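Peer 1: The task is simple: from the sequences and hints, build the whole structure.
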Amino acid sequence: MICSKLDFDTKEMRASYCDALIHAAEQNEKIVAVDADVSFSMGTEPFYKKFPQRSINCGIMEAHAVGFAAGMSAVGYIPFVHMFGTFATRRAYDQLFLSCAYQDLNVKIIGGDAGVTAAANGGTHMPFEDMAIVRAIPNFTIIEPADGTMYKSLVPYIANTYGNFYVRSSRKKSIKIYRDDAEFTVGHANILTQGNDVAIIACGIMVHQALRAYELLKKEGINACVADMHTIKPVDKDAVEKLANVCGAVVTAENHNIIGGLGNAVGECLLGIDPVVPMERVGVNDTFGEVGTQEFLMTKFGLTAENIAAKAKKVIGRKRK
Amino acid sequence: MNKKRCLSAAAEIRKLAITAMESAGFGHVGGSMSVCDALAVLYEEIMNIDPLNPEKEDRDRLVLSKGHCGPALYAALAYKGFFPKSELLTLNANGTRLPSHCDRLKTVGIDISTGSLGQGLSLGSGVAMGNKMKGLNSYTYVIVGDGELQEGQNWEAVQFIAHRCLSNLVILVDNNKRQLDGYTEQVCRQFDIKAKFEAFGLFAIEVNGHDVESIFNGISKAKSSGMPAAVILETEKGHGCSFAEIPGFNHYMVFDRGMAEQARREIDRRLEVSLRDDLQ
Numbered sequence: 001m002i003c004s005k006l007d008f009d010t011k012e013m014r015a016s017y018c019d020a021l022i023h024a025a026e027q028n029e030k031i032v033a034v035d036a037d038v039s040f041s042m043g044t045e046p047f048y049k050k051f052p053q054r055s056i057n058c059g060i061m062e063a064h065a066v067g068f069a070a071g072m073s074a075v076g077y078i079p080f081v082h083m084f085g086t087f088a089t090r091r092a093y094d095q096l097f098l099s100c101a102y103q104d105l106n107v108k109i110i111g112g113d114a115g116v117t118a119a120a121n122g123g124t125h126m127p128f129e130d131m132a133i134v135r136a137i138p139n140f141t142i143i144e145p146a147d148g149t150m151y152k153s154l155v156p157y158i159a160n161t162y163g164n165f166y167v168r169s170s171r172k173k174s175i176k177i178y179r180d181d182a183e184f185t186v187g188h189a190n191i192l193t194q195g196n197d198v199a200i201i202a203c204g205i206m207v208h209q210a211l212r213a214y215e216l217l218k219k220e221g222i223n224a225c226v227a228d229m230h231t232i233k234p235v236d237k238d239a240v241e242k243l244a245n246v247c248g249a250v251v252t253a254e255n256h257n258i259i260g261g262l263g264n265a266v267g268e269c270l271l272g273i274d275p276v277v278p279m280e281r282v283g284v285n286d287t288f289g290e291v292g293t294q295e296f297l298m299t300k301f302g303l304t305a306e307n308i309a310a311k312a313k314k315v316i317g318r319k320r321k
Numbered sequence: 001m002n003k004k005r006c007l008s009a010a011a012e013i014r015k016l017a018i019t020a021m022e023s024a025g026f027g028h029v030g031g032s033m034s035v036c037d038a039l040a041v042l043y044e045e046i047m048n049i050d051p052l053n054p055e056k057e058d059r060d061r062l063v064l065s066k067g068h069c070g071p072a073l074y075a076a077l078a079y080k081g082f083f084p085k086s087e088l089l090t091l092n093a094n095g096t097r098l099p100s101h102c103d104r105l106k107t108v109g110i111d112i113s114t115g116s117l118g119q120g121l122s123l124g125s126g127v128a129m130g131n132k133m134k135g136l137n138s139y140t141y142v143i144v145g146d147g148e149l150q151e152g153q154n155w156e157a158v159q160f161i162a163h164r165c166l167s168n169l170v171i172l173v174d175n176n177k178r179q180l181d182g183y184t185e186q187v188c189r190q191f192d193i194k195a196k197f198e199a200f201g202l203f204a205i206e207v208n209g210h211d212v213e214s215i216f217n218g219i220s221k222a223k224s225s226g227m228p229a230a231v232i233l234e235t236e237k238g239h240g241c242s243f244a245e246i247p248g249f250n251h252y253m254v255f256d257r258g259m260a261e262q263a264r265r266e267i268d269r270r271l272e273v274s275l276r277d278d279l280q
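Chains X and C, in that order, give the protein sequences.
Its first residue numbered 1, the first sequence is counted upward by one per residue in this note's numbering.
Its first residue numbered 1, the second sequence is counted upward by one per residue in this note's numbering.
One or more hints might be untrue.
To be verified - 20 angstroms max Cα-Cα, derived DMTMM-like pairs, lysine to aspartate or glutamate:
no. : chain 1 : residue 1 : chain 2 : residue 2
1   : C       : Lys132    : C       : Glu151
2   : C       : Lys134    : X       : Glu29
3   : X       : Lys173    : X       : Glu26
4   : C       : Lys3      : C       : Asp277
5   : C       : Lys3      : C       : Asp211
6   : X       : Lys30     : C       : Glu55
7   : C       : Lys223    : C       : Asp58
8   : C       : Lys132    : C       : Glu57
9   : C       : Lys85     : C       : Glu57
10  : X       : Lys30     : C       : Glu272
11  : C       : Lys106    : X       : Asp104
12  : C       : Lys134    : X       : Glu26
13  : C       : Lys132    : X       : Glu29
14  : X       : Lys219    : X       : Glu306
15  : X       : Lys30     : C       : Glu57
Claimed, not checked - Selected chain C positions facing chain X (Cβ under 7 angstroms, derived; list incomplete):
no. : residue
16  : Arg104
17  : Val108
18  : Ser116
19  : Gln119
20  : Ser122
21  : Gly126
22  : Phe160
23  : Ala162
These aren't lab readings, by the way, just hints derived from the structure by calculation.
What you are looking at is a predicted structure, and each value in this text was computed from that prediction instead of being measured.
From the three backbone atoms N, C-alpha and C, an ideal C-beta is built for every residue, glycine too.
Peer 2: This is how it looks when you write it as structure tokens:
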């Protein structure tokens with residue numbers, strides 16, 4: 001399922017997404033694009049050229065754009081709303097709640113610049129809390145694709161499945177993890193490596209770091225099972241329980257605050273397991289973002305393979321003897 | 001328009017709304033009463049709706065953005081036959097299909113859920129745009145409160161509605177001059193509502209919101225303007241409900257059967273006077 005050599009994709013994530021959206025829109029005339037003055041950043045301008053009548057740029061008004069999209073979905077359209085994740089969630093939270101979720105409408109929120117991928121836009125634009133706050137709203141599916149291949153592959157499912165989605169994405173080139181023939185099912189984790197010493201459950205850009213951690217641990221004779229938990233809500237509880245039972249120790253890795261995101265979602269699955277399975281989390285330690293290159297920020301916030309490997313060894317040490 | 005029918009509808013909607021709130025013992029009386037005449041005109045004379053086919057695609061849509069005035073809208077829907085009038089007695093009861101704030105998933109005839117103020121215009125603009133793209137001739141009516149216009153999202157929506165020339169959308173402002181904490185003039189002054197809409201590029205007109213002919217004419221002019229439009233209904237909070245026509249707090253009231261019965265009798269009496277005056 002995964003590429004034998006992990007390297008940068010030839011295409012940016014946003015370009016893969018827009019190709020997929022155009023393809024989906026060719027199949028389904030109800031798909032429309034809604035933006036809030038970041039169509040260039042979100043990479044949706046090819047859609048605007050192809051479907052000018054189905055492209056609505058609202059201007060800098062995120063709250064309105066989300067409500068407007070919800071209204072369009074109430075009469076049968078399938079709006080894909082493109083914004084930076086920060087503003088889609090923080091600025092338009094009540095609109096996600098009431099205009100979309102509470103009334104069970106059909107809005108697809110594409111939240112760009114996940115976590116440290118906001119890089120030079122800095123702390124104001126760096127969403128470390130978006131998954132946490134959307135996760136607290138019923139009627140939202142939350143997805144964070146690990147690469148462009150997965151992103152592209154999931155767009156038709158998102159378009160054709162009734163309900164509200166929050167997709168946490170990044171715009172630039174990602175490490176290509178998956179071969180083009182890889183398959184993904186929303187709500188089901190992808191198991192990427194076999195191992196029974198520790199489970200590493202990651203999402204987004206941290207899947208690559210988890211695979212690197214796997215290699216680091218292998219050199220020390222530790223076999224890690226790496227899972228890509230691309231669907232953060234509903235999280236794949238069955239997979240988490242199985243991994244916990246097989247490995248007896250769990251590490252989560254996310255480009256997000258350790259509060260409220262993947263680590264919490266996985267931890268909640270472990271609550272019912274007896275005897276207790278130890279768990280460690282890799283993520284941003286309840287702080288704000290800042291400007292910097294993605295590489296600098298990943299090191300600064302500990303979003304690295306080395307940190308995942310260290311946490312893996314720590315959690316193995318906590319295993320019930 | 002059939003004035004007599006509208007007057008009777010308005011009186012009936014008021015009485016039914018009072019009856020609904022009476023069953024709960026409390027409710028948003030003030031804002032529900034101020035919007036009853038507009039609802040009567042919309043449902044009797046303006047809107048293309050079919051209670052027997054509430055989901056018909058080309059229907060006109062109503063978004064009650066001031067969602068806490070659900071009792072008035074429920075009364076209008078029951079009056080039109082969307083559901084039995086007896087169901088009004090379940091307002092706010094445990095497990096009810098008629099919650100305080102409008103919920104499209106629970107109530108037949110409700111197109112959009114509302115309750116967090118300021119969101120209805122954006123939702124309505126999406127409905128209007130979608131129907132326009134579908135080539136439907138239907139209209140979307142959005143009722144906002146004057147106090148509600150303090151929410152900034154409204155003005156995002158108005159700017160968008162103007163820019164997109166959504167002439168199939170009519171905003172109705174229930175300008176009852178009061179909000180929960182008192183008179184808008186004191187809490188946060190609205191200035192000139194009509195001028196504000198006009199400054200955004202909308203057609204705007206002020207009408208007597210308790211005169212069914214004025215309301216009808218105002219909405220008709222709004223529709224024939226060919227522009228996105230706002231009809232500012234000059235209203236009085238609590239209007240038509242004797243115990244709510246007070247200068248003090250009437251946003252939310254607790255009342256008993258005696259007060260409700262007296263209010264209903266007064267509504268009947270005033271209707272008689274109106275109909276008699278109309279004949280002369």
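Peer 1: A separate judgement is required for each hint: does it hold in the structure or not?
Peer 2: Results for each hint:
Between Lys132(C) and Glu151(C), the direct Cα distance comes to roughly 26 angstroms. Violation of the 20 angstroms bound is thereby established for this hinted pair. About 11 angstroms separates the Cα atoms of Lys134(C) and Glu29(X), which keeps this hinted pair within 20 angstroms; it holds. Proposed proximity of Lys173(X) and Glu26(X) is contradicted: the alpha carbons are some 25 angstroms apart, above 20 angstroms. Between Lys3(C) and Asp277(C), the direct Cα distance comes to roughly 12 angstroms. Compliance with the 20 angstroms bound is thereby established for this hinted pair.
Restraint check: the Cα-Cα separation between Lys3(C) and Asp211(C) comes to about 10 angstroms, which is no more than 20 angstroms; the hinted pair holds. Note on Lys30(X) and Glu55(C): the hinted pairing holds, with a Cα-Cα distance of about 19 angstroms set against a maximum of 20 angstroms. Distance check on the hinted pair: Lys223(C) and Asp58(C) sit about 17 angstroms apart at the alpha-carbon level, within 20 angstroms; holds. Annotation: proposed proximity of Lys132(C) to Glu57(C) holds, straight-line Cα distance about 12 angstroms (limit 20 angstroms).
Our distance criterion of 20 angstroms between C-alpha atoms is broken by Lys85(C) and Glu57(C), whose separation comes to about 25 angstroms. Between Lys30(X) and Glu272(C) the alpha-carbon distance is near 51 angstroms, which puts this suggested pair outside the 20 angstroms criterion. For the hint linking Lys106(C) to Asp104(X), the alpha-carbon distance of about 11 angstroms falls within 20 angstroms, and the restraint holds. Restraint check for Lys134(C) and Glu26(X): the C-alpha separation of about 17 angstroms stays at or below 20 angstroms, so the hint holds.
Of the pairs offered as hints, the one joining Lys132(C) and Glu29(X) holds, with about 15 angstroms between alpha carbons and a cut-off of 20 angstroms not exceeded. For a cut-off of 20 angstroms, the pair hint linking Lys219(X) to Glu306(X) stands: about 13 angstroms separates their Cα positions. For the hint pairing Lys30(X) with Glu57(C), the CA-to-CA distance comes to about 15 angstroms; that is within 20 angstroms, so the pair holds. Taking 7 angstroms as the C-beta cut-off, the interface hint given for Arg104(C) holds, the closest approach to chain X being about 5 angstroms.
Taking 7 angstroms as the C-beta contact cut-off toward chain X, the hint placing Val108(C) at the interface is violated, the least distance being around 15 angstroms. Using the Cβ-Cβ criterion of 7 angstroms, the hint placing Ser116(C) at the interface with chain X is satisfied: the shortest such distance is roughly 5 angstroms. Against a cut-off of 7 angstroms between C-beta atoms, the interface hint on Gln119(C) holds, since the closest Cβ of chain X lies about 5 angstroms away. The beta carbon of Ser122(C) is positioned within 7 angstroms of a beta carbon in chain X (closest approach about 3 angstroms), and the interface hint is therefore held.
Given hint, Gly126(C) at the interface with chain X, holds; its Cβ is 2 angstroms from that chain's nearest Cβ, closer than 7 angstroms. Hint status for Phe160(C) relative to chain X: holds, with the closest Cβ pair at about 6 angstroms, below 7 angstroms. Checking Ala162(C) against chain X by beta carbon gives a least distance of about 12 angstroms; that is not within 7 angstroms, so the hint is violated.
Consistency with the previously given hints fails for numbers 1, 3, 9, 10, 17 and 23, ordered from lowest to highest.
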